[in-house]
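As given, the protein sequences belong to chains V and R, one line each in that order.
Be aware that the first sequence starts at 1, since it is given in my numbering, and climbs by one per residue.
Be aware that the second sequence starts at 1, since it is given in my numbering, and climbs by one per residue.
Far from chain V, by Cβ distances over 10 Å, these chain R residues were calculated:
1) Glu3
2) Thr27
3) Ser66
4) Pro76
5) Gly87
6) Ser94
7) Leu97
Quick list of in silico lysine-lysine cross-link-like pairs, BS3-like style, CA-CA up to 30 Å:
8) V/Lys302 x V/Lys186
9) V/Lys67 x R/Lys75
10) V/Lys25 x R/Lys75
11) V/Lys187 x V/Lys131
12) V/Lys187 x V/Lys302
13) V/Lys131 x V/Lys302
14) V/Lys187 x V/Lys161
15) V/Lys109 x R/Lys75
16) V/Lys302 x V/Lys319
17) V/Lys25 x V/Lys100
18) R/Lys10 x V/Lys319
19) V/Lys100 x V/Lys161
20) R/Lys75 x V/Lys88
21) V/Lys100 x V/Lys88
22) V/Lys161 x V/Lys186
Keep in mind the hints are simulated off the structure, nothing from the lab.
Quick caveat, the model's predicted, so the values are computed rather than measured.
The beta carbon of each residue, even a glycine, is placed where N, CA and C say it ideally should be.
Single-letter residue listing:
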Amino acid sequence: MVVSGEIETPVVPASTMTQVTFLNKTGRVDVLCEPGESLLQAGLRHGLELPYACGAGVCGTCVARSKPNTVENLWPNAPGAAQLNAGKGECLLCQGAALKDCEILVPAKIDLSRLSDQRPARFEANLQDVKVVAPDVATFTVRLPETVRPISGQYFLMRPKGMQGFRAYSMTNFDESTDALHFVIKKVAGGVFSGKIFSGEPLDEPLEAFGPMGLATFDPSDTRDLICLVGGSGIAGIMSILAQARRVDHFSRHRLFMVFGARRIEEFFFLDELADLARTHPDHIQIHLAVSEGEAAGDTSKDVRGLSVHHGFVHDVAKSLSRPGEFDGGLAFLGGPPPMLNSCLALLLEAGLPVSDIRYDRFA
Amino acid sequence: MDELAGGGLKRFEVAGIVVLATRVNDTTRVIPPFCPHMAEPLIESGICSGATLTCSKHLWQWNLESAEMQGAAEKPLIFYPSEERDGELWIDASQELSYQFDEEDDDDFEW
Chain V
1 MVVSGEIETP
11 VVPASTMTQV
21 TFLNKTGRVD
31 VLCEPGESLL
41 QAGLRHGLEL
51 PYACGAGVCG
61 TCVARSKPNT
71 VENLWPNAPG
81 AAQLNAGKGE
91 CLLCQGAALK
101 DCEILVPAKI
111 DLSRLSDQRP
121 ARFEANLQDV
131 KVVAPDVATF
141 TVRLPETVRP
151 ISGQYFLMRP
161 KGMQGFRAYS
171 MTNFDESTDA
181 LHFVIKKVAG
191 GVFSGKIFSG
201 EPLDEPLEAF
211 GPMGLATFDP
221 SDTRDLICLV
231 GGSGIAGIMS
241 ILAQARRVDH
251 FSRHRLFMVF
261 GARRIEEFFF
271 LDELADLART
281 HPDHIQIHLA
291 VSEGEAAGDT
301 SKDVRGLSVH
311 HGFVHDVAKS
321 LSRPGEFDGG
331 LAFLGGPPPM
341 LNSCLALLLE
351 AGLPVSDIRY
361 DRFA
Chain R
1 MDELAGGGLK
11 RFEVAGIVVL
21 ATRVNDTTRV
31 IPPFCPHMAE
41 PLIESGICSG
51 ATLTCSKHLW
61 QWNLESAEMQ
71 GAAEKPLIFY
81 PSEERDGELW
91 IDASQELSYQ
101 FDEEDDDDFE
111 W
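Generate the whole structure from the sequences, applying the supplied hints.
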């Protein structure tokens, strides 16, 4: 066990509820934490607008400070913890759990006097309907014991029993109120969760789910054209956004420019859904497929379900297919591995899109 | 200077000190290799578009020409003194520059 602060001494994890006081110059808020519950999840449950992005130890956004021997570090080697100053008691809210009643100093820019209406919650959920939809890619459904009201583009943190940390998965569906959440997962070498999903064994053990979370969301009253640049399973949250945009008939008035990338053509999935969407407003919707390996594509004979196939990385294909001013005034959603995100971000910034109009989750 | 012609950030080592250099219009800028926010290595996360440098980690931005912060940035970049002489970039790296990564406004907070 590693404890934030200067001194590391053996400590016993709390077996009962603890009271954590989040504080800074804007105020003090007391929150009750379940044993072993992360400070972030406890604070968000309470409605605090704490800083976070991935919620899973990767991005390092949720840095706060604790006093020595008060907080257990649930994942000492978290990538997001690499730059923490342990001497000053810095910890990640998403990877810290209170060992006893304690105080947590959060960044001064967080207004602790405000409480959010949208409060994520913790559920014991059931995993259902696993379907392999492409090599090393599967979809699955998580059934919650009660309905939730997610915003399109949001994600849930999930953890099967026996797995140490939570992982973030974006919903692919959108319903204003639902107890059935649909997800997509890529097989990861050595991955505990994906190993279970792809094992073919019955998934009868409940899993822990926490959400909905995430700020890379779509407001159905938005009146901008949409730009979606995605790779592989990074398409998940974008499918939810497209579902809601379709439901409010966004594309009868606004355009969609989308490039979906995979290494090989057989690795694509959700093509029926995308082709169906493209047919609803062909004058306004462009959806292209980008294949980064294999033979050059781009001629219409290589079209798949009416979606044009092009050779190259997502950002290259987006650049070559976009007309001057294509991205002006648009709202962009990105999803995929970090190198793809960076390349697409560079493309959109070069095109003059402000960062405030580019949304994505930093899961990796 | 030719190495900076293609734009973007270029990594150099000067007297054992790693720096990143970039050229925007007629201005050459030399900075420490880390983002002042959370020490992200800018050679990987830094994106130059026009005069703007963006760290893709948390989308902090700076104008490299004016040295002003943009958007979400809360701390300024710091620059090594440098000048161009006969097509070569000279950098004053007599002292390694680094950022203070602590939350200054938290340091005087009474727990």
